Every structure is written in structure tokens, then in C-alpha cells.
Amino acid sequence: MPAVQETVERVKRIDVDQYRYGFETLIDSEKAPKGLSEDIVKFISGKKNEPAWMLQWRLEAYRRWLTMTEPTWARVEYPKIDFQDIYYYAAPKPKKTVSSLDEIDPEILKTYEKLGIPLREVAMLEGVEPKPGEEDPARRKIAVDAVFDSVSVATTFKAELKKAGVIFMPISEAIREHPELVQKYLGSVVPTSDNFYATLNSAVFSDGSFVYVPPGVRCPMELSTYFRINERNTGQFERTLIIADKGSYVSYLEGCTAPQRDENQLHAAVVELVALDDAEIKYSTVQNWYPGNSEGKGGIYNFVTKRGDCRGNHSKISWTQVETGSAITWKYPSCILRGDNSSGEFYSIAISNGFQQVDSGTKMIHLGKNTSSRIISKGIAAGKSQNTYRGLVTAHRKATGARNFTACDSLLIGDKCGAHTVPYIEAKNSSATFEHEATTSKISEDVLFYCVQRGLSQEEAVGLVVNGFVKDVLQQLPMEFAVEAQKLISISLEGSVG
Amino acid sequence: MALLEVKDLKVRVEEREILHGLTLTVNEGEVHAIMGPNGSGKSTLSHVIAGKPGYEVTDGQILFKGEDLLEMDPEERAAKGVFLAFQYPVEIPGVATMNFLRTALNAQRKARGESEYSTPDFLKKVREVSKSLNIPQDMLKRGVNVGFSGGEKKRNEVLQMALFEPSLCILDEMDSGLDIDALRIAADGVNALRSPKRAMVVITHYQRLLNYIVPDFVHVMSKGRVVKSGDKQLALELEESGYTQFEDAA
Ligand SMILES: Nc1ncnc2c1ncn2[C@@H]1O[C@H](COP(=O)(O)OP(=O)(O)O)[C@@H](O)[C@H]1O
Ligand SMILES: [Mg+2]
Chain A
1 MPAVQETVER VKRIDVDQYR YGFETLIDSE KAPKGLSEDI VKFISGKKNE
51 PAWMLQWRLE AYRRWLTMTE PTWARVEYPK IDFQDIYYYA APKPKKTVSS
101 LDEIDPEILK TYEKLGIPLR EVAMLEGVEP KPGEEDPARR KIAVDAVFDS
151 VSVATTFKAE LKKAGVIFMP ISEAIREHPE LVQKYLGSVV PTSDNFYATL
201 NSAVFSDGSF VYVPPGVRCP MELSTYFRIN ERNTGQFERT LIIADKGSYV
251 SYLEGCTAPQ RDENQLHAAV VELVALDDAE IKYSTVQNWY PGNSEGKGGI
301 YNFVTKRGDC RGNHSKISWT QVETGSAITW KYPSCILRGD NSSGEFYSIA
351 ISNGFQQVDS GTKMIHLGKN TSSRIISKGI AAGKSQNTYR GLVTAHRKAT
401 GARNFTACDS LLIGDKCGAH TVPYIEAKNS SATFEHEATT SKISEDVLFY
451 CVQRGLSQEE AVGLVVNGFV KDVLQQLPME FAVEAQKLIS ISLEGSVG
Chain B
1 MALLEVKDLK VRVEEREILH GLTLTVNEGE VHAIMGPNGS GKSTLSHVIA
51 GKPGYEVTDG QILFKGEDLL EMDPEERAAK GVFLAFQYPV EIPGVATMNF
101 LRTALNAQRK ARGESEYSTP DFLKKVREVS KSLNIPQDML KRGVNVGFSG
151 GEKKRNEVLQ MALFEPSLCI LDEMDSGLDI DALRIAADGV NALRSPKRAM
201 VVITHYQRLL NYIVPDFVHV MSKGRVVKSG DKQLALELEE SGYTQFEDAA
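Chains A and B, in that order, give the protein sequences.
Just so it is clear: in the first sequence, position 374 is 374 by our numbering, and no numbers are missing.
Just so it is clear: in the second sequence, position 237 is 237 by our numbering, and no numbers are missing.
One or more of the hints may lead you astray.
Claimed, not checked - From chain B, some residues computed to sit far from chain A (all C-beta separations above 10 Å):
#1 D68
#2 E75
#3 E91
#4 G94
#5 R198
To be verified - What follows is a list of derived Cβ distance ranges for each label pair:
#6 B:K131 / A:K162: 53 to 59 Å
#7 A:I491 / B:N27: 41 to 47 Å
#8 B:R12 / A:E437: 37 to 43 Å
#9 B:E17 / A:V422: 44 to 50 Å
#10 A:T433 / B:N211: 51 to 57 Å
#11 B:E67 / A:K80: 54 to 60 Å
Think of the hints as simulated: they come from the structure by calculation, not from any bench.
Here the structure is a predicted model, which means the values were calculated and not measured.
We treat Cβ as the ideally placed atom computed from N, Cα and C, and that holds for glycine.
Assemble the whole structure, with the sequences as input and the hints as a guide.
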């Protein structure tokens, strides 16, 4: 049987039950009743002890949302979502306030251990002064904010970050403790009226991470949030807001997993980034939500709005994403290049297998002078999946000297899948230079045979070729994540060759 | 026991029979040359021995060290010591040659139940071999065969042969596309690997290569069969008289 044929045969037998993060954690939880109404919005706001302005903000979003309809332009298909059949709030129900990890339900800690996120070890390092001039790379610190269902359960390294002046905390806390910052920036990049899912999120978001890096500060460690959906029929609506003040730098990592469930679960997050003059934000995601089973049953609907605003001159925002999970992905991390000489980057690896549908890409909106952007997208489609890159590059009338380079490469494994590239380019300024390259290739039988002749199994061969294909993007990830991402890529393609 | 026994092998590709009952016996330590015009089935034979998908064996047998080779996956054959140096080695962008060599070597060792090489041991070994083949270290950092010249690609094949230490090496048109200097380097590399424990099957269209890699036996293939076998003299005769005399015999 020719190799590709064989691959296709094996894909038919694909069992996404190989999803490694499909366990469920049995903990007591507290839920709001199903469905959405003003009362639910008030309930969520009340649970969080929010100030009146926040509730008002949410209610406005909710009323706006009632007038909106779901977008249908993406190349994804799914049955209509019943928004009244979803729980909008679920919180693990242990103690009222959590001041140390010891007070967290051990089941949740175990969950994070299973995910390979060592909250406890990280916490043990907290407060331990590093010896002067000494940095042990093996123990490089990563501050973690863990969000379980809708609630942040632990944030580590708070004290050390505080010393540097960096604020890293659940957004629910930031709303109470730093209302001036939240009020100033929340919704300033993704307005509450932006789109159906962003508006929904604005009404019901329950938690997420908040980061503020003061002027001139280089954040002393990687910041990271791990999101986990555990409850049944629960939507997850987290909200992340990161502000890099003048001349500051921060690198932020985001990881996501969910248990295996027969029903689809909705995840509609909003991420807003603001970079002021000379500031830089590097935002990396490894998204591994449950993709659904071999028949395409279950899995996360991942409808996410991520946008960065290069508000200041010489600012820079860089998105790197490795997307392997979710039944449906609808996601376009974008950059508004408002400041002069600002730059935006988008590096993406999107892998789809089984029945997954991915419609992802970016928007680079050039407004300031001499702005530049770079898009490197690698799509890999296997099984019966559909993988679309959708990208918009625009230059405003006043955006003299705008530059963009886009390279979109797609790799197909087998012949039941599809890869599509949908670029939109609009230059309203004649001095803009936009370059676009796109390739689509099939993983070749000759390459696979070469590898197996040298002793690799089919599966190892596919993994190797794919990792080579995505190398340019993997290199953009912080090292810890790159290793994780590489493993994830092999795992998510496992079903594609048996 | 012979190292490789091909018995009355019949092979089809897309419903067409390409090999019509081919027989070949190779013992340890021997170097066999297979010569023949284009389209006579030389590459087909090498692919079937190595287990390339897409070929249907309708009759006959291939035994390797007494075991039925046709029952094994290609990677299993590789681990057991079958190595095919490709006429056109493929490019694998983004996969550093060094990484590829190590992954492949360790996969083979693992399949044989041997321990994986440690990084220093592996690097030492690669350095030794690549030096003797005149392969610069920075070539090993590049993607597998990406941007390699014809000569570099062939040397990379010989490098792998030296690293993996197979007991059967099949070299398919190693001379194609090489100038004399490049050919000599590659051939020296191959000769250095000749050993009483290892056999080689050298496939070539031209006699030229056999001046550098001198065979013990020469077989002439035509239209999917071995039509004549002899010693190295046969290659010289072919150079004089060409392949046409065998067209009818086939
Ligand atoms: N994949 C294939 N599909 C169809 N015909 C093939 C294929 N591979 C080889 N052939 C045919 O088989 C015959 C032998 O080819 P090959 O083994 O490449 O010969 P050689 O290596 O001696 O030049 C040729 O007629 C060739 O056209
Ligand atoms: Mg040939």
C-alpha cells in the first residue's frame, strides 16, 4: 500500500481518545443556574464583589449582545449553539479566600500536576532569594496563574514580582485593587461592541489574568497562565489584560486543556494587550483544548478574540501560537500598529486532525508611520480536518512606509483533509510594501520512505518532517514551551499515522 | 547461509509486471554490481528489497539472513541491517542533518534492543566519519540534504552508511550526477566500509564507477531479469559492446 494511502487508512481509524488531558477532576463546585440573563450577569459580578462601574460595563455589554448575531463568515460548520443551555459561572468550591496553596483543594493541585504544571514546586521557590549573581537555568522561574473553570486558583511568585513593580494577578482581583488601571485599559483594545463573542465575554467573563509592567521594567521572569475547563456544560470566558508601560518588556505564556466530554463546550476568551512607547510584549500560546473524539463528537468551540495595540512609538507586539486542540478554532490574534515605527509579529502553527476545523490567522492594521509586520503561518491538516488561514493586512492612508511580509505554508497529510489560505490585503497608501508568499504541499511518500529506510517508524517520520516544517515558528517560543510544543505536535498527529 | 537470497522474484507496479522472476544470491563480504540499461528494473529491485510501498510481489521470495524480508516493515529491515543509498536523496527542510542522523541511529538501536548513544559518543562518531568523508561540520547543521550539491548528497548517504553499520548496502546509481573528484571521494568512503561481514550491491548504468568500487561479481539486468552473471571482466566487456546484445536474450 502506498504510504499516503496507508496514512489515510490509519487516519480513518483515528482515535482521538489518545488525548492525554481528558481526565476529569471530581471536586465540589458552585455554579450559577444555566442560561444567560441580566440576573446572571449581576450574579457573576456579585460573586466577584465588583464595584458598580464594572457591573454597569457588563450590563451594557449584555444589552448590546442581545442585539447581535453570530458571525458566519468563517469556514467552520457546527450546529447552532443554545446560549441558554450553558452554565456561565462555575467555581471550585473550597474555601472562601485562598491565601496559600495549602488551602487549595488537593484535587485541583493534582490536576495541575497531571498537566505537568508544578504549582507546588514553583510555590516552594517563592520567597527564596536567588543568590546574588547566580541564576540556575534549570530552575528558571515562571510565575503561574492557574485558572480552573472560571476562577483563578493560584498565582505564584507574587511577592517577587511585586518587588520589581510588576502586577500579575487574577483580573477579578485587579478590578478591586487597581481599578484605575483596569478602567483605563479594559475594553480599550477590544471594545465591548467588537464582535458577538467578545461582547458575550464582556458581559460574563469570570476571571483571567491581569499584568501591568511599569515604565522601564523588564519583567524578571516569564509570566504564565494555565486555563483548565473542568465542569460539564460550562462555558469558559476568561479575560486577559496586559499593559506594558513605556520602555518595559514582558513575555507571557498561556496554556489550555480540558477534559474529554461528549458535548461541545464553549470557550470565548478575550485578550487585550497594550504596548506604550518603546515597550514590547511577547505573547505565546500553546492551545490544547479537547478536540473531540474519532467521530467528531465533543470538543471545545474555541471562539477567541485576541488583539494587541502598539499604542506607543517604537512599540512591539509579538504573537506566537501553537494550536493543536479544539473541535473548532476561530481565532485571529491581531496587532494595531498605531505608534510610529511600531512592529507586530504573528507566528503560528495550527495543526488539525480528526474532524477538527481551524479558521485562524491574524490582522495587521498599519496606522502609524514606518510600521512593520511579519506573519509566518504553518498549517498542518491531517485526518478529515479543515484548516484555513485567514489574514488581513491593511495600511491606512497616513501609514507611510508600512511594510509587511507574510508567508503561509500548508502541509497536508492524507487526502481527506483540506487547507485553505484566505489573504485580504488593502493598501490605502502607495508607499506600503506588502509581500505575500503561500505554499501548499503534501507530505511526500518519498520523504517518508527515506526516513523509514533509515529506521524511523512512519509515525516518527511524520513527526520529524512536521517538526522541520514548523521549525521557524517553534524557535519563536520560549524554550520551556518549545519542548512542550514539540511533544504536543507529535501527540496530536499520533492518530494520523496509527 | 547467504546474506541475501532473492528467489524467482516477480514484482508488479500498477498492474504491470516489472520484475519477471529475478534470482540473486549475495554472501557476506561480497561486492556485487548490477548493470543494465535504463528501465531494466534495477531501482525496482532495490526498492522492493528495502520495502518501499507501492510494489506488489506476486511470486518469489527474499530472504535476509534466512528471514523472510517481505514480512517486515521497512524500518524493521533497516534495523536488521538493510541500507539503501538513494539515487536521489530527498530534502527534509528544517530537520538538521545531525538531528536526523541521531534520531535514525537511535531508532535502529532501540529496535535491536541496544542502548541509545550518549551525546558525546554520538558526536565523536559522527566527527570521525564525516572527517574521513571530507564533510564539513556546518553541513551537518543544515537541513537534511537542503541546498547540498550532488556530491554532498551522495557523501551524506555514505556518511549514514558508515554510521549505521549495515550488513547489506545497496547503492543505487551512486555515480549519477557526480564529477570524477566527487565520485572518487564517495567511492573511497564506500571502499573503506568493505569488510568480510558486509556485502554490497552496487547498481550502475556505467562501468566507470566499477573502476573505483571493484566488484567481485557482475550481473547484467535486462527487462526485469538477470540475463548474465560473471566477474569484473563482464563489466569491461559491456563497456565495449553495450547492452544491445542482451535485449534479445531477455
Ligand atoms: N512507480 C512506477 N509506476 C509505474 N511504472 C514504474 C514505476 N516505477 C518504475 N516503473 C517502471 O518500471 C520499469 C523499471 O524501472 P526502474 O526500476 O526504475 O529501472 P532502472 O532503475 O533499471 O532504470 C520502467 O519501465 C519504469 O517505467
Ligand atoms: Mg534506477
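Hints, verified against the model:
Non-interface call for D68 of chain B relative to chain A: holds, since the shortest CB-CB distance, roughly 18 Å, exceeds 10 Å. For E75 of chain B, the requirement that its beta carbon stay farther than 10 Å from each beta carbon of chain A is not met, with the minimum near 5 Å. In this structure E91 of chain B is not separated from chain A by more than 10 Å, as the shortest Cβ-Cβ distance comes to only about 8 Å. Against the 10 Å criterion, G94 of chain B falls within the reach of chain A, whose nearest CB is about 3 Å from its own CB.
A cut-off of 10 Å between C-beta atoms confirms that R198 of chain B is not in contact with chain A; the least separation is 17 Å. Between K131 of chain B and K162 of chain A the beta carbon distance is about 55 Å. The supplied range of 53 to 59 Å therefore holds. About 45 Å separates the C-beta atoms of I491 of chain A and N27 of chain B, a value consistent with the hinted range of 41 to 47 Å. A C-beta distance of roughly 41 Å is found between R12 of chain B and E437 of chain A, which places it inside the suggested range of 37 to 43 Å.
For the hinted restraint 44 to 50 Å between E17 of chain B and V422 of chain A, the CB-CB distance of approximately 47 Å keeps it satisfied. Look at T433 of chain A against N211 of chain B: about 56 Å separates their beta carbons, and that is inside 51 to 57 Å. Taken as a hint, the range 54 to 60 Å holds for the pair E67 of chain B and K80 of chain A, whose Cβ atoms sit roughly 59 Å apart.
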